[in-house]
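Novice: Chains as they are written, first to last, in full-length UniProt numbering: chain A, 1 to 166; chain B, 1 to 674; chain C, 1 to 554.
Hints in this document: simulated from the structure, not taken from any laboratory.
Beta carbons are placed, not taken as given, at the ideal position from N, Cα and C, and that holds for glycine.
Hints should not be assumed to be uniformly reliable.
In silico DSS-like pairs for lysine-lysine, Cα to Cα no more than 27 Å straight-line [claimed, not checked]:
{"hint": "1", "chain 1": "C", "residue 1": "K337", "chain 2": "C", "residue 2": "K348"}
{"hint": "2", "chain 1": "B", "residue 1": "K359", "chain 2": "B", "residue 2": "K292"}
{"hint": "3", "chain 1": "C", "residue 1": "K382", "chain 2": "A", "residue 2": "K132"}
{"hint": "4", "chain 1": "C", "residue 1": "K129", "chain 2": "C", "residue 2": "K67"}
{"hint": "5", "chain 1": "B", "residue 1": "K543", "chain 2": "B", "residue 2": "K428"}
{"hint": "6", "chain 1": "B", "residue 1": "K6", "chain 2": "B", "residue 2": "K292"}
{"hint": "7", "chain 1": "A", "residue 1": "K39", "chain 2": "B", "residue 2": "K663"}
{"hint": "8", "chain 1": "A", "residue 1": "K36", "chain 2": "B", "residue 2": "K543"}
{"hint": "9", "chain 1": "B", "residue 1": "K558", "chain 2": "A", "residue 2": "K91"}
{"hint": "10", "chain 1": "A", "residue 1": "K39", "chain 2": "B", "residue 2": "K605"}
Covered stretches of chain C (chain A as the covering partner; in silico rule of three or more C-beta atoms under 8 Å from a C-beta of chain A) [claimed, not checked]:
{"hint": "11", "stretch": "383-394"}
{"hint": "12", "stretch": "448-459"}
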Amino acid sequence: MEQQTLTSHSYLTFRLGDETFAASVNHVLEILELSKITKVPRAPHFMRGVINLRGNVLPVIDTRIKFGLDKADDTVNTCILVMNLESEKQKIMLGALVDAVQEVREIEQSSIQPAPSIGSKYRSEFIEGMVKVNDQFVMILNLALVFTTDEVSIIQETAEEKISIA
Amino acid sequence: MDSNQKRFVEDALDLLNELDEGLLQLEANAHAKAPLEQVFRTMHTIKGGANMFGFDNIGELAHYLETLFDLVRQGKTQVSDKLISITLQAFDKVRDLLKEKTFEAITRKDALYDHLTAVHAFHRTIDASLTGADLVTPAGNLKKDELATFFVNVTPLISMTEDGNHPLVFIVQDIAALGTSSVKVTKKQSLEIAQWEIFLSTTTSQAELESYFIFVEDESRATFTRLAAGDLFEQPEFIQYLKSVEDKPVNLDELRSVAGLHDDEAKKKTQQIEEEAETQGKRKVLNDTYIKVSKRKIDDLLNWISELIILQAQFANTASKLNVASLTDTTEQLDMVTRQLRDTSLEIGLVPIETLVTKFKRLVRDLSKTLNKKVNFLSEGAETEIDKDVIELMTEPMIHIIRNAIDHGIESPADRKAASKAEHGTVKLRAFTASSYVNIIISDDGKGIDKERVLQKAKEKGLVDAEAQLSEDEILNLIFHPGLSTTAQVSDVSGRGVGMDVVKQKINELRGHLSLKSLPGRGTSIHIRLPLSRSIIEGLLVKIGVSDYIIPLAAVDKCYEVPSKSLTPDGCQKLLLDGQPVPVFYLQEIFRDQAAIPEVMQVIKINYDEHPVGITVDNIVGEYQTVLKPLGDMYQRQEEFSGATILGNGAVALVLDTDKLVKQLVRQQQASLM
Amino acid sequence: MKLNIKTRLVAAFAVLILLSAAIFYMGNTNSASLNDQLNTIVDSNVKRIMLASKNAEDIQFITKREKELILTGQVEEVQEYANLIENKNQELQERVELLRSISDEKGVEILESFSAKWNDYLKVYARIKSLSVKNTDSTQAEAYTLSRTEGREAAMGAVASMSQILKKNEKALADAKLQADQNYEKARMNMIILLCTAVVIACVVAYWIIASISKSISQAKSAIKSISEGDLTIEIVNASQDEVGELLDHLRNMVEKLKEVLMFVSTASDHIFSASTQMSATSQQMSQGSQEQAASAEEISSSMEEMVSNIQQNTDNAQQTEKTALKAASDIQEGSKSVNQTVDSMKKIAEKITIIGEIARQTNLLALNAAVEAARAGDQGKGFAVVAAEVRKLAERSQAAASEINELSGSSVSIADKSGKLLDQIVPNIQNTAKLVQEISAASLEQNSGAEQVNNAIQQFNQVIQQNASASEEMATGAEELSSQAEHLREAISFFKVGKDHGAGKKITQRRRPAPVAAIKTAPRSQGKHGVVLDLSNGNGSDHLDNDYEKYSG
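In isolation and in its complexed conformation, chain A is listed as follows (with noise of 0.2 Å):
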């Protein structure tokens, strides 16, 4: 028992398009409705605004962009995850546009795979790990990484485009 507590961890499920993503639980704060976004003129596209969180203002990247998704259109399930990043070099709070988000599970580290750095969509360092879950590849997000990047997309890149964007 004790055992299964260290090596589990729960996960918030989401979706975006047809991937799920799961999200460590300890850096989401809440799960929020889509409320009206208030947009921030001259910010990088993928910082789809700011919100009123209860008298706060509360940042919000629309995922689905820095994913490097096409933009959809918003829907019911259309969700915001507010989350509590902390990186080394600062903590930041900020809203992510999700598609939907589905369930938290605890998902064993040790049935976490590690992510496969060659034919994976997106780059290496910002998927913690792989997990199966219902046949379907659930990506384990390294969210503090994904989200104060500077960098407007997590998507492989070739080369060239890497230094440009650099």
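With chain A's structure known, arrange chains B and C on it following the hints.
Specialist: For chains B and C alone, coordinates are given in the frame of chain A:
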């Protein structure tokens, strides 16, 4: 750290400021009685608190220093520069310690070792100089008071009962346990305690007795009357008297006569002490009582009040739609009350800049010593209140300004004499509140800024074109340029060249303004305008497309209505406003919010670096006072927005930082022109 | 000689008047000459005599006074006398002048001699007078002598002249008397002759006139007498050309005219008689026709009523149909409303379900949040995490159920909507039908009222026919009356005898045609200018009026 310890740290930091103030006063006038008492009392308080909450190292240091000052009080030694310096340095260290985050870090045994030894050494020198004085430990000195009988009247200023767990109850019990005592409790009808009257015969000194009440002095008033030497409880008249006054309040005169206090000296002394204690108590009463509340709580309160205001606005909105007379009345009242509430709660977060002033006094003293300059520091309007965050954020920049003033501004005494000025230079800080701004003017009567040199330097460093012709103001503004320092050699005081630009940046961050005036040979004056609160913003609510924006009123010069036809939205154009050609930026285009352009566009003239610049908006809704919220690190790069705010309808409005916006736009334009 | 009575009378009276005038003229001429003679006598001779005698008298007076003047002796008296003399002289002079004016030459001569002798006297008198004024005896005596000598002589001469005049005039008077006697004798003879002639002429003329008038008048008298007796056959012969002759002519003409008129009246009354007889028959016929008409009208009326009742039935049926249609429409509307309500309710249900779905979604979200929170709490949150997961599952299930219900209600709504729409479509059709039926009903009603009106008209018509029948009855009576009156008229006319061909008293039987003559449209009559269309028969040719005719003819 538990909450009590945190509270002590907060209090101690304040007390340290007070201590600095007292020490500086004492240094200026070594024989002044009041500062001495203040220093002593403050030290004692720090000692008591430190011991109570387990900051033993601080308590120890405070104890020894207190002993030293007690010697001064007793007239056994004099206030000396050495004493002051030792004390200041010691408490500086304490201050640094207190800024550590963990209890363990603060209470490191060895942290104050150096200072303890220095104090001990100094103490020994005093002891040596004292002939025939008993050389007991300083702590024992206090305990050597002879037996005396006191009458202590304790009046709680807040509501409490005997059963309650208020510390005051225990303090009273503690005091009663210090010797032979009789405690008389007077209660109100509601069982709340009206006062305690304690007759105590003890060997504990009055000062020590008083110290028991230090942590409850906001909540109670204690007066101490030394009735007589010796134990009055041994006197049958006194016992009889006590019985006679069991049901009624004690009459001091009567008491004194019973105590047989006819000795003039004794009476005088009693009175004096009484007066002092009274005045202190009185001052507290008159100046209101104070509660120490954590900043976080106030922030929370403010947040909730902001929420309340937003809700109230929504409510008013709904009510106006319903158009019910009674409801309208209520909403209007509610509006008034919430505003009042907001103003009041905003004021809660404001503290006097006194603390800054003390810091600056200290700074001036230290610097003038280091630089061998004679400088007087004058302050005016130290009671001016400002947001605590602002004070914290402003401390560094202002220290920098004062440093500059002393380092670059004030001449050496010899130079001053040569310039037929007083030997002592003056650095003056004046603070006052005007509308929602706090104005701080720091001026010196030094030599002023050498504009030639500034210009030369700037040219040397390639900051300015070698042939450029600059106006005086422009030259003066150069000193805010990063990487420019006018002192020839780098000192540890100033001249690292990262000074004034940081100052300006910080002030800008606070949405403040800075202006500089300098007259050669007469001195320099720096005028800082800061918003009263970091989070309160007075702005103009405007609409561009579907979005709301707030332009800080401070930046707004004038509003114009211009038919859209006369505007061609392509970058920057000049528009005649009041007969003056003004460059105009089309925010509609810049913000890419291409809603239908209204027939009449509003042009707002703003000041950018003393130059008028126009920006267009679709509609000016009106003046708006609101609470500024940070946009967060994610939008760090959107410098043109200093934050956002929540409007009455719950929508988020972005707050424009016009200076940065225009700066960026100008840069963009220049880039595109290249 | 063709002289009418007037001329004859005028001529006779003219002759008589002329004779009378001649007689008068003669008498008058005689009288006038007599008168002239008389006038001459009175005016000149007699006056001269009177003046001359007066003058002689005055001279006498003056001489007398002269004597008294002389004798008086007193001055005053002298003057008085002198004055008297003077005045008398004046008068004398005046008379002399007057005498002179009416005297003939001889007479004037005499007067001249008188004046001369008088003047001599006056001279003497002047001397006497002046002497008398002196009033002395001598004077007196002288005067006296003078008077007696000279005076007397002068005075006597004057008087003699005067008496000469007197004598001359008395002789003239005697001559005149003789002349007058002669004239009278001559005139009386002429007068007697003339009168006798006149009497003879008058007698002749009177006889001639009377003889000529009396013959004609007696002729006229005999003619008028025979007319008054009704005999218009008399022959009036006229011989004279005068006024009475004219009168006879006119009388003859009058008789002729009268004869003509009587002939006409006689034939006319014949005609009236036959016409009225025919009229009577016709009106009989008319009456019968009217009765037949009335019967027909009655028949029409009853047919009409039948029609009206049919129409009424029609109307009732139409109304019934309309009511039924409307009922159906409203029922369907009700049904449609119900369906709509159902749809609404379903929609509301769908809404509510949506809310439930929303709540389920929010619950889901909440459960997720709780799960996150629980997961963050680690072991302590384990139990809660399970609960949250359960809640989430429940929420998901309710969400699914809600969406299912939503779908179902959506399809039900669409079906109900459809049926509602269909019903809604039917309603206007039925309403249209009802409207049409309503129109039919309205038309029937109108028809009904029209028929009613027609019926009324027929009733009125019937009434008129009845009236006509009675009128023709009356007319028949009137015709009978008329024929009897015509008979009377004929009788009255038979009083006049008009002679052979103009027989007014022709027998009526002659006018009876041999019966039956069917439908004689015209009765050709030589003198009948105004043809009358009569149809006296209804085929049998005999009716009671004909019988009446029989009686009349008998």
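Novice: For each hint, tell me whether it holds in the structure or not.
Specialist: For each hint, the structure was consulted:
no., hint, verdict
1, C/K337 to C/K348, "holds (16 Å)"
2, B/K359 to B/K292, "holds (21 Å)"
3, C/K382 to A/K132, "holds (23 Å)"
4, C/K129 to C/K67, "holds (10 Å)"
5, B/K543 to B/K428, "violated (44 Å)"
6, B/K6 to B/K292, "holds (11 Å)"
7, A/K39 to B/K663, "holds (21 Å)"
8, A/K36 to B/K543, "holds (16 Å)"
9, B/K558 to A/K91, "violated (40 Å)"
10, A/K39 to B/K605, "holds (24 Å)"
11, 383-394, "holds (count 4)"
12, 448-459, "violated (count 0)"
Consistency with the previously given hints fails for numbers 5, 9, 12, ordered from lowest to highest.
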